[in-house]
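A.B. asks: Protein chains in written order, with our numbering: chain A, 1 to 119; chain B, 120 to 235.
If you're looking for bench data, these hints aren't it; they were derived computationally from the structure. Some hints could be false.
[As the list claims (entries may be wrong)] Cross-link-like lysine-lysine pairs, in silico, DSSO-like; alpha carbons within 27 Å at most:
| id | chain 1 | residue 1 | chain 2 | residue 2 |
| --- | --- | --- | --- | --- |
| 1 | B | K177 | B | K196 |
| 2 | B | K196 | B | K141 |
| 3 | A | K44 | A | K57 |
| 4 | B | K168 | B | K188 |
| 5 | A | K57 | A | K14 |
| 6 | A | K44 | B | K188 |
| 7 | B | K188 | B | K177 |
| 8 | A | K57 | A | K9 |
| 9 | B | K177 | B | K141 |
| 10 | B | K196 | A | K44 |
| 11 | B | K188 | B | K141 |
| 12 | B | K196 | B | K168 |
| 13 | B | K141 | A | K44 |
| 14 | B | K168 | A | K44 |
| 15 | A | K57 | B | K168 |
Here the structure is a predicted model, which is why all the values come from computation and not from measurement.
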Amino acid sequence: NAGVTQTPKFRILKIGQSMTLQCTQDMNHNYMYWYRQDPGMGLKLIYYSVGAGITDKGEVPNGYNVSRSTTEDFPLRLELAAPSQTSVYFCASSYDPQRESTGPYNEQFFGPGTRLTVL
Amino acid sequence: AQSVAQPEDQVNVAEGNPLTVKCTYSVSGNPYLFWYVQYPNRGLQFLLKYITGDNLVKGSYGFEAEFNKSQTSFHLKKPSALVSDSALYFCAVRDDRGSTLGRLYFGRGTQLTVWP
Numbered sequence: 001n002a003g004v005t006q007t008p009k010f011r012i013l014k015i016g017q018s019m020t021l022q023c024t025q026d027m028n029h030n031y032m033y034w035y036r037q038d039p040g041m042g043l044k045l046i047y048y049s050v051g052a053g054i055t056d057k058g059e060v061p062n063g064y065n066v067s068r069s070t071t072e073d074f075p076l077r078l079e080l081a082a083p084s085q086t087s088v089y090f091c092a093s094s095y096d097p098q099r100e101s102t103g104p105y106n107e108q109f110f111g112p113g114t115r116l117t118v119l
Numbered sequence: 120a121q122s123v124a125q126p127e128d129q130v131n132v133a134e135g136n137p138l139t140v141k142c143t144y145s146v147s148g149n150p151y152l153f154w155y156v157q158y159p160n161r162g163l164q165f166l167l168k169y170i171t172g173d174n175l176v177k178g179s180y181g182f183e184a185e186f187n188k189s190q191t192s193f194h195l196k197k198p199s200a201l202v203s204d205s206a207l208y209f210c211a212v213r214d215d216r217g218s219t220l221g222r223l224y225f226g227r228g229t230q231l232t233v234w235p
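In isolation and in its complexed conformation, chain A is listed as follows (with noise of 0.2 Å):
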């Protein structure tokens, strides 16, 4: 298993130049989620999903989107770049059998993340 795969590892951009953020899981885990990683700031929940075709917003989605088409794909959209999405994103996934609170609770895994500069 190669677990919770990004592309690219690095990027620059310039304001207003829009990218896609790749994510790809092997692990057929029903949610997936979107972080950014600011320094001192912790990690911050953009979107997530808990299944194929089912998305919702975290923290801090503003300036972002996402779409899920297969379970293993959770692609972020950044549209109109600006310098405050300069950060390191992570995308993270995670196995829970039923959306109830006496389910189990799985440990998220994360990818290797993507720094990306905006200029």
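Once you have looked at the hints, place chain B on chain A.
C.D. replies: Below, chain B alone, put in the same frame as chain A:
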């Protein structure tokens, strides 16, 4: 709202000494708590979790964490630190309510440095 606090930005400890990385939490329901570690230029790796049961949770690489409900704390510990333990450590709490079920809220992280 669910949240965690890591009161120390940095912890420095000598190799062979015990280490503690502190975490306190605030939840509206039952606390489900996690510790993750991040090595330089890598993604986060799961260390351990508390769901229910024994207050002392054992995890990877010799780490353990003590859940204390009265103090709302979940401190990470290791009896004997290694230089290779130097990394950024994150505490997280799982959201267990309604439409936001399953989300994790992370602390700001604590940089652990173990010196030889």
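A.B. asks: It remains to establish, for every hint, whether it holds in the given structure.
C.D. replies: Checked hints:
Note on B/K177 and B/K196: the hinted pairing holds, with a Cα-Cα distance of about 10 Å set against a maximum of 27 Å. Of the pairs offered as hints, the one joining B/K196 and B/K141 holds, with about 9 Å between alpha carbons and a cut-off of 27 Å not exceeded. Of the supplied pair hints, the one linking A/K44 and A/K57 holds, its CA atoms being roughly 11 Å apart against a limit of 27 Å. Simply put, B/K168 and B/K188 have alpha-carbon atoms about 15 Å apart, close enough for the 27 Å limit, and the pair holds.
For the suggested pair A/K57 and A/K14, the alpha carbons sit about 25 Å apart, so the restraint of at most 27 Å is met. With a CA separation close to 26 Å, the supplied pair A/K44 and B/K188 stays within the 27 Å bound. Proximity of B/K188 to B/K177 is assessed by CA-CA distance (about 17 Å); at most 27 Å being required, the pair is judged to hold. Taking the CA atoms of A/K57 and A/K9, the gap is near 24 Å; set against the 27 Å cutoff, the hint holds.
Between B/K177 and B/K141, the direct Cα distance comes to roughly 16 Å. Compliance with the 27 Å bound is thereby established for this hinted pair. A hinted pair counts as satisfied when its Cα atoms are at most 27 Å apart, and B/K196 with A/K44 qualifies at roughly 25 Å. Proximity of B/K188 to B/K141 is assessed by CA-CA distance (about 14 Å); at most 27 Å being required, the pair is judged to hold. In summary, the hint linking B/K196 to B/K168 is supported, as the alpha carbons are separated by about 13 Å, within the 27 Å threshold.
Pair hint B/K141 plus A/K44 holds up; C-alpha atoms about 20 Å apart against a cutoff of 27 Å. With a C-alpha separation of about 20 Å, the suggested pairing of B/K168 with A/K44 holds against the 27 Å cut-off. As the CA atoms of A/K57 and B/K168 are separated by approximately 25 Å, the hinted pair is consistent with the 27 Å bound.
Consistency note: the structure conflicts with none of the earlier hints.
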